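Use the sequences and the hints to build the structure in full.
2 protein chains.
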Amino acid sequence: MYNFVFQNPTKLIMGKGMISRLSQEIPAEKRIMITFGGGSVKKNGVYDQVKNALKDHYCVEFWGIEPNPSIETLRKAIALGKEEKIDFLLAVGGGSVIDGTKLISAGLLYAGDAWDLVVSDKRAANTIPLGTVLTLPATGSEMNGGAVISRYETKEKYAFSSNNPVFSILDPETTFTLPAHQIAAGIADTFVHVIEQYMTVTGVSRLMDRWSEGILQTLVEIAPKIRQNQHDYNLMADFMLSATMGLNGFVALGVPQDWATHMIGHELTALHGLTHGHTLAIVLSGTLRVLKASKGDKILQYGARVWDITEGSRDEKIEETINKTEEFFRSLGLTTRLSEEGIGDETINEIERRFNERGVAFGENGDVTGKVAKEILLTRK
Amino acid sequence: MYNFVFQNPTKLIMGKGMISRLSQEIPAEKRIMITFGGGSVKKNGVYDQVKNALKDHYCVEFWGIEPNPSIETLRKAIALGKEEKIDFLLAVGGGSVIDGTKLISAGLLYAGDAWDLVVSDKRAANTIPLGTVLTLPATGSEMNGGAVISRYETKEKYAFSSNNPVFSILDPETTFTLPAHQIAAGIADTFVHVIEQYMTVTGVSRLMDRWSEGILQTLVEIAPKIRQNQHDYNLMADFMLSATMGLNGFVALGVPQDWATHMIGHELTALHGLTHGHTLAIVLSGTLRVLKASKGDKILQYGARVWDITEGSRDEKIEETINKTEEFFRSLGLTTRLSEEGIGDETINEIERRFNERGVAFGENGDVTGKVAKEILLTRK
Numbered sequence: 014m015y016n017f018v019f020q021n022p023t024k025l026i027m028g029k030g031m032i033s034r035l036s037q038e039i040p041a042e043k044r045i046m047i048t049f050g051g052g053s054v055k056k057n058g059v060y061d062q063v064k065n066a067l068k069d070h071y072c073v074e075f076w077g078i079e080p081n082p083s084i085e086t087l088r089k090a091i092a093l094g095k096e097e098k099i100d101f102l103l104a105v106g107g108g109s110v111i112d113g114t115k116l117i118s119a120g121l122l123y124a125g126d127a128w129d130l131v132v133s134d135k136r137a138a139n140t141i142p143l144g145t146v147l148t149l150p151a152t153g154s155e156m157n158g159g160a161v162i163s164r165y166e167t168k169e170k171y172a173f174s175s176n177n178p179v180f181s182i183l184d185p186e187t188t189f190t191l192p193a194h195q196i197a198a199g200i201a202d203t204f205v206h207v208i209e210q211y212m213t214v215t216g217v218s219r220l221m222d223r224w225s226e227g228i229l230q231t232l233v234e235i236a237p238k239i240r241q242n243q244h245d246y247n248l249m250a251d252f253m254l255s256a257t258m259g260l261n262g263f264v265a266l267g268v269p270q271d272w273a274t275h276m277i278g279h280e281l282t283a284l285h286g287l288t289h290g291h292t293l294a295i296v297l298s299g300t301l302r303v304l305k306a307s308k309g310d311k312i313l314q315y316g317a318r319v320w321d322i323t324e325g326s327r328d329e330k331i332e333e334t335i336n337k338t339e340e341f342f343r344s345l346g347l348t349t350r351l352s353e354e355g356i357g358d359e360t361i362n363e364i365e366r367r368f369n370e371r372g373v374a375f376g377e378n379g380d381v382t383g384k385v386a387k388e389i390l391l392t393r394k
Numbered sequence: 014m015y016n017f018v019f020q021n022p023t024k025l026i027m028g029k030g031m032i033s034r035l036s037q038e039i040p041a042e043k044r045i046m047i048t049f050g051g052g053s054v055k056k057n058g059v060y061d062q063v064k065n066a067l068k069d070h071y072c073v074e075f076w077g078i079e080p081n082p083s084i085e086t087l088r089k090a091i092a093l094g095k096e097e098k099i100d101f102l103l104a105v106g107g108g109s110v111i112d113g114t115k116l117i118s119a120g121l122l123y124a125g126d127a128w129d130l131v132v133s134d135k136r137a138a139n140t141i142p143l144g145t146v147l148t149l150p151a152t153g154s155e156m157n158g159g160a161v162i163s164r165y166e167t168k169e170k171y172a173f174s175s176n177n178p179v180f181s182i183l184d185p186e187t188t189f190t191l192p193a194h195q196i197a198a199g200i201a202d203t204f205v206h207v208i209e210q211y212m213t214v215t216g217v218s219r220l221m222d223r224w225s226e227g228i229l230q231t232l233v234e235i236a237p238k239i240r241q242n243q244h245d246y247n248l249m250a251d252f253m254l255s256a257t258m259g260l261n262g263f264v265a266l267g268v269p270q271d272w273a274t275h276m277i278g279h280e281l282t283a284l285h286g287l288t289h290g291h292t293l294a295i296v297l298s299g300t301l302r303v304l305k306a307s308k309g310d311k312i313l314q315y316g317a318r319v320w321d322i323t324e325g326s327r328d329e330k331i332e333e334t335i336n337k338t339e340e341f342f343r344s345l346g347l348t349t350r351l352s353e354e355g356i357g358d359e360t361i362n363e364i365e366r367r368f369n370e371r372g373v374a375f376g377e378n379g380d381v382t383g384k385v386a387k388e389i390l391l392t393r394k
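Top to bottom, those sequences are chains A and B.
Under the numbering used here, think of the first position of the first sequence as 14, with each following residue one higher.
Under the numbering used here, think of the first position of the second sequence as 14, with each following residue one higher.
Treat the hints with caution; some may be incorrect.
Claimed, not checked - Below, computed lysine to any residue pairings styled on SDA-like, alpha-carbon distance capped at 20 Å:
| id | chain 1 | residue 1 | chain 2 | residue 2 |
| --- | --- | --- | --- | --- |
| 1 | A | 24 | A | 158 |
| 2 | A | 24 | B | 326 |
| 3 | B | 311 | A | 234 |
| 4 | A | 29 | A | 53 |
Note that these hints are calculated values from the structure, not bench results.
All of these numbers come straight from a predicted model, not from anything done at the bench.
Next up, the structure:
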């Protein structure tokens, strides 16, 4: 086990009807800006529940935080928030709305352009308090301090680090009406978040391994059932809780982490606008195959415990495990090949070029350079 | 899944050499009382590490918080703390020292006798901040708000609810020199904490089930290895982290809980002074056997996933699973029968009488009355 410091102060408020608790969670004197994405919360009743709970609070609304939230949009929210002297933020939506609102919460206390905060290496510690009402399980943003912000004019997408939400309200019923593609991408996103924190080496922490495998086993068990019936409360609660627990630090205690698949996936989103979770489903098998020399023991453990793959030679078991993983993503209804999305060599070369230009290398061993990223993508054509 | 609200703000600082961080974690101007148990921390070097880290802080020491901390001892600590105008507490030891210090932290801000706080139904919210340096993994007290306090003059032992420690430092190396019986009792305690939060019904939360099973699987895997070599760092880190995660709320999200085994075990400690974890190893098989009508499905799931018991009739599998659990405790070096500790009918009758007198009933269905507690204990003779 590696040394670590862990603290996650977010208050998690989960269950049917819990949105009504908003009025208790936000002090009466606060000037709130509520942030939204598109209009889906107006159709599924979440908007009415939120407004009803906050009917005695001062609220300003900001609409239109897009998937892969952009600095261009967020600058407008920050300007409105400064004008309105906002001192509490409530993000209502999925990971993109929450991520975007994290930048707003830092930007409201920053005099310059908020893009400075994104490209800075430092965590933004000075922030307006932020609560969330989650409607799309996927990113874990509701219980961590991270965010990913895009800049459309330059097709860039970077991680940004800030404070945790003070509270997050998760009502599984809000997921009953989600489009199938969003659920599929959310399951893939959760799955790969866990893989990034797990798929390195064996023996560092038996407990963290079990907990990561526990999330993966849960996702494998519930995914086909959700495709049958996404109105089963306990099923959707399992999905929602798995997504939160997949990226709130709980499975990352004292273990190495990878994140190369994410870094490559972000480029696919930046260049082609693919849904984040979908890009991970495309890239992951390539990462596992190209890095099987260093990740082999862990792939075997994962194959045995999550997929019950125990027969055959070492290489056969590893191959079968990687194939099972790709089949799982396909069973969600996602494509897993670049060619299926019309993406070819030009993009692969551009991603190699970007990694080289930035001088970056990812993965637990810092060996996923531009060249290795290209190798990974070439297996995904 | 049941509705729930979860928040655990404790900062967990884990790893080799982390005790030296004490000076950063406690503000320089604080007047600290450091609380200890017996003298073991002077032998294993922990005392020197703590004193060295805090050499520039004002510190008062209070020694002698005993296993099953007593109100009689804690009143003395509270009197000293008031006299010294203490505004920060540091508990250095195992669960008993931490539990006792939780009562001190509330007692320092309470004008009356601190026993009032123990017998009150309310959580003690008004407390002096408390940090811990854990030296004996078992109770999870380092990352929760609970405590158990005894009163020797009346042989009573009650749960007490307060605030979480603000930080807890866990260095696995501090466990290398623990006596074998304490390690055995610590493993049993952790095991049964998880069982209390798990062994009810199936299907409420697949994820919480997997995480509870993950701790149990880890304990089953590491226990025999620890008996071979308790100087293996990763092994002791797994034990230490499992104990913390076993009772910090992380496996209790939205699921029913039992706690009948604990309530019966507390009486065995109060009446006979047995180590807490040891009492649980004695009682648990009885709880499972007597309540197998309501817990049967979950016992089968536990048997299959933790003990790989999948052959035979339903009843055979349940019996084999309960027997395996008792064998596990015996493999730790603990006795599992009342007669082995010289405990007979008189104690069983006294426990029934106490439960009846208090009008209490425990378990997820509230059906473990005095009569049922007696049935459970009769199977453990």
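Each hint tested on the structure:
no.	hint	in the structure
1	A/24 <-> A/158	holds, 13 Å
2	A/24 <-> B/326	violated, 44 Å
3	B/311 <-> A/234	holds, 17 Å
4	A/29 <-> A/53	holds, 19 Å
When held up to the earlier numbered hints, the structure conflicts with hint 2 and nothing else.
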